[in-house]
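Protein chains in written order, with numbering that gives the first Met the number 0: chain A, 0 to 136; chain B, 0 to 136; chain C, 0 to 136; chain D, 0 to 136.
It cannot be assumed that every hint is accurate.
Quick list of in silico lysine-lysine cross-link-like pairs, DSS-like style, CA-CA up to 25 Å [unchecked claim]: (1) K71/A x K17/A; (2) K45/A x K12/C; (3) K71/D x K103/D; (4) K45/B x K134/C; (5) K103/A x K45/D; (6) K134/C x K12/D.
Quick partial rundown of chain B residues pointing at chain A, CB under 10 Å, derived from the structure [stated by the list, open to error]: (7) Q2; (8) D19; (9) Q20; (10) Q48; (11) V60; (12) E67; (13) L68; (14) V69; (15) N70; (16) L73; (17) Q76; (18) H77; (19) T81; (20) S86; (21) A126; (22) T132.
Think of the hints as simulated: they come from the structure by calculation, not from any bench.
Idealized CB from N, CA, C, for every residue including glycine.
Chain residues, written in single-letter form:
There are 4 protein chains.
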Amino acid sequence: MTQLVRFGVSLEKELLGKFDQRIRSKNYTNRSEALRDLIREDLVRKEWQEGKEVAGSIALVYDHHKRELVNKLLDIQHDFGTCIISSQHIHIDHNNCLEILAVKGSPEKVQRLSDSLKAVKGVKHSALGMSTTGKDI
Amino acid sequence: MTQLVRFGVSLEKELLGKFDQRIRSKNYTNRSEALRDLIREDLVRKEWQEGKEVAGSIALVYDHHKRELVNKLLDIQHDFGTCIISSQHIHIDHNNCLEILAVKGSPEKVQRLSDSLKAVKGVKHSALGMSTTGKDI
Amino acid sequence: MTQLVRFGVSLEKELLGKFDQRIRSKNYTNRSEALRDLIREDLVRKEWQEGKEVAGSIALVYDHHKRELVNKLLDIQHDFGTCIISSQHIHIDHNNCLEILAVKGSPEKVQRLSDSLKAVKGVKHSALGMSTTGKDI
Amino acid sequence: MTQLVRFGVSLEKELLGKFDQRIRSKNYTNRSEALRDLIREDLVRKEWQEGKEVAGSIALVYDHHKRELVNKLLDIQHDFGTCIISSQHIHIDHNNCLEILAVKGSPEKVQRLSDSLKAVKGVKHSALGMSTTGKDI
Numbered sequence: 000m001t002q003l004v005r006f007g008v009s010l011e012k013e014l015l016g017k018f019d020q021r022i023r024s025k026n027y028t029n030r031s032e033a034l035r036d037l038i039r040e041d042l043v044r045k046e047w048q049e050g051k052e053v054a055g056s057i058a059l060v061y062d063h064h065k066r067e068l069v070n071k072l073l074d075i076q077h078d079f080g081t082c083i084i085s086s087q088h089i090h091i092d093h094n095n096c097l098e099i100l101a102v103k104g105s106p107e108k109v110q111r112l113s114d115s116l117k118a119v120k121g122v123k124h125s126a127l128g129m130s131t132t133g134k135d136i
Numbered sequence: 000m001t002q003l004v005r006f007g008v009s010l011e012k013e014l015l016g017k018f019d020q021r022i023r024s025k026n027y028t029n030r031s032e033a034l035r036d037l038i039r040e041d042l043v044r045k046e047w048q049e050g051k052e053v054a055g056s057i058a059l060v061y062d063h064h065k066r067e068l069v070n071k072l073l074d075i076q077h078d079f080g081t082c083i084i085s086s087q088h089i090h091i092d093h094n095n096c097l098e099i100l101a102v103k104g105s106p107e108k109v110q111r112l113s114d115s116l117k118a119v120k121g122v123k124h125s126a127l128g129m130s131t132t133g134k135d136i
Numbered sequence: 000m001t002q003l004v005r006f007g008v009s010l011e012k013e014l015l016g017k018f019d020q021r022i023r024s025k026n027y028t029n030r031s032e033a034l035r036d037l038i039r040e041d042l043v044r045k046e047w048q049e050g051k052e053v054a055g056s057i058a059l060v061y062d063h064h065k066r067e068l069v070n071k072l073l074d075i076q077h078d079f080g081t082c083i084i085s086s087q088h089i090h091i092d093h094n095n096c097l098e099i100l101a102v103k104g105s106p107e108k109v110q111r112l113s114d115s116l117k118a119v120k121g122v123k124h125s126a127l128g129m130s131t132t133g134k135d136i
Numbered sequence: 000m001t002q003l004v005r006f007g008v009s010l011e012k013e014l015l016g017k018f019d020q021r022i023r024s025k026n027y028t029n030r031s032e033a034l035r036d037l038i039r040e041d042l043v044r045k046e047w048q049e050g051k052e053v054a055g056s057i058a059l060v061y062d063h064h065k066r067e068l069v070n071k072l073l074d075i076q077h078d079f080g081t082c083i084i085s086s087q088h089i090h091i092d093h094n095n096c097l098e099i100l101a102v103k104g105s106p107e108k109v110q111r112l113s114d115s116l117k118a119v120k121g122v123k124h125s126a127l128g129m130s131t132t133g134k135d136i
């Protein structure tokens, strides 16, 4: 079981008031959880700059009518095989597909995968959701 | 069918050299596609600042052993029902789950959904992948 | 004088270890100051999204040999007069100038000023340093 | 003199319409300048990730009443001497100062300088304006 450690923090009264207001608007029920999240966000940013393994999502938007597009996307995904865990596919409208890959690997490799998919003609956009494996936080 | 328009662009020779080098490293095969992507990235940033409807992904990492966590996440997802399209779930390791929601809706609502999920105790991280429905680009 | 309030925070032992390591590498001498900074960073991001008044810097890089460039920059700066406090000018090399404006005003106006300056031919880059007046934090 | 190269770009008609609308709202007078800026922004992001030398600004906000604060800031600035070019100082109100450093150096060193200044007790915020020396673009 995870062991909790308790320690004291001192804050300017006015800053604490602003903080309480801010975390209420984000639906936090206590300060510790909000502070844990700020700490973890900072650590995950660091993982993406310097870490060995990260996880997250790549959201692709493309027009599936483009010739050869789907084959090219599959080819690239196979080249980066080890860092794609699974994918889901949504038909946004008659033309546009949203495909979301769950990814895990080194930050450089995940970034390169995202760049390579975006470079394919017919892919309109690619957005990286930079998260974590959760192992170290 | 989409109509293509052609126009001329002038660039400093040195800048063009740098650009060509950069897009080769991102696997682009021609300049037009690389410029289209820069333009669309700029437009999608604008959609998230001022637009009516965006699409993308929310990646959540959580420890599924936490009591009541999964029920709370489901409750919140039902409250925001109309903007969650589907989700996929990955068992990262014995403790950590990666859950990825495909989302569509107003930028404010999607952001609030991401904040509310992150605020739940046991959720270690939440990352928004900011993409587009592709309708206007 | 500012009144300090003290309260307890509980953290997973492992997360606390990671946090302590991270703040040492950033040269913090105590946890409270590091947490205050994470809180204030979050509040300042909010000020730029929703606030009435922010402060910061606009760094411009331009080639001063371009005809009419300096006059155009001055014209724009006068149009946005109330939100520019002062500026400093650095000769980076024979061609390139770095000009840094200290700015204060609504987030929209500061952003528009930065966009307008960047749009001038000969301005190679413009970077917004998003900070705060410090009044509310 | 800088040599200009001209080449053709093809764009979907609808995307071109959106682009023209967007650049008008940012005050561009022609497409080439807007495209040059998107290209340079992309290259400068790359410089900050992998480059040898960048330039920009560090905006600090602090309460000058804090004991020893100003001396500590000066000590740190001297430690990082070679990468600080000059600074300007603004009295925001009775309590708050805005100090803006013009900086040049390796991305890592500039980031460490910004982190170290922010870690000083009494410094409320520090914002990095990530720009360029302009030499390679």
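Practice item. Could you check if N70/B really has its C-beta closer than 10 Å to a C-beta on chain A? Key: 15 Å, violated
Review point. Taking 25 Å as the top limit, are the C-alpha atoms of K134/C and K12/D close enough?
Key: With a Cα-Cα distance of about 48 Å, the restraint between K134/C and K12/D is violated, given a limit of 25 Å.
**Study point:** H77/B as chain A interface residue, shortest Cβ-Cβ below 10 Å
**Key:** Constraint on H77/B not satisfied, violated at 15 Å.
Practice item. Measure nothing beyond the straight line between the CA atoms of K45/B and K134/C; if it is 25 Å or shorter, mark the hint as holding. Key: 29 Å, violated
Practice item. Mind checking the alpha carbons of K103/A and K45/D for me, to see if they're no more than 25 Å apart? Key: 23 Å, holds
Point to revise | chain A contact restraint on L73/B - CB to CB distance below 10 Å | key: Cβ of L73/B sits 15 Å from chain A, so the hint is violated.
Check your understanding: For the hint on V69/B, does the least C-beta distance to chain A fall short of 10 Å?
Key -> Violated: closest Cβ of chain A sits about 15 Å from V69/B, beyond 10 Å.
**Study point:** Interface hint for T81/B, Cβ within 10 Å of any Cβ on chain A
**Key:** 14 Å, violated
Point to revise | Restraint satisfaction for V60/B [CB to CB of chain A, less than 10 Å] | key: 4 Å, holds
Exercise for review: Classify the hint on Q48/B as holds or violated, based on whether any CB of chain A lies nearer than 10 Å to its CB.
Suggested key: Check failed: Cβ of Q48/B comes no nearer than 15 Å to chain A, outside 10 Å.
Review point. When the nearest CB of chain A is found for L68/B, is that gap smaller than 10 Å?
Key: 12 Å, violated
Review point. Can the restraint linking K71/A and K17/A be considered satisfied, given a maximum Cα separation of 25 Å?
Key: 50 Å, violated
In summary, the numbered hints that this structure violates are 1, 4, 6, 7, 8, 9, 10, 12, 13, 14, 15, 16, 17, 18, 19.
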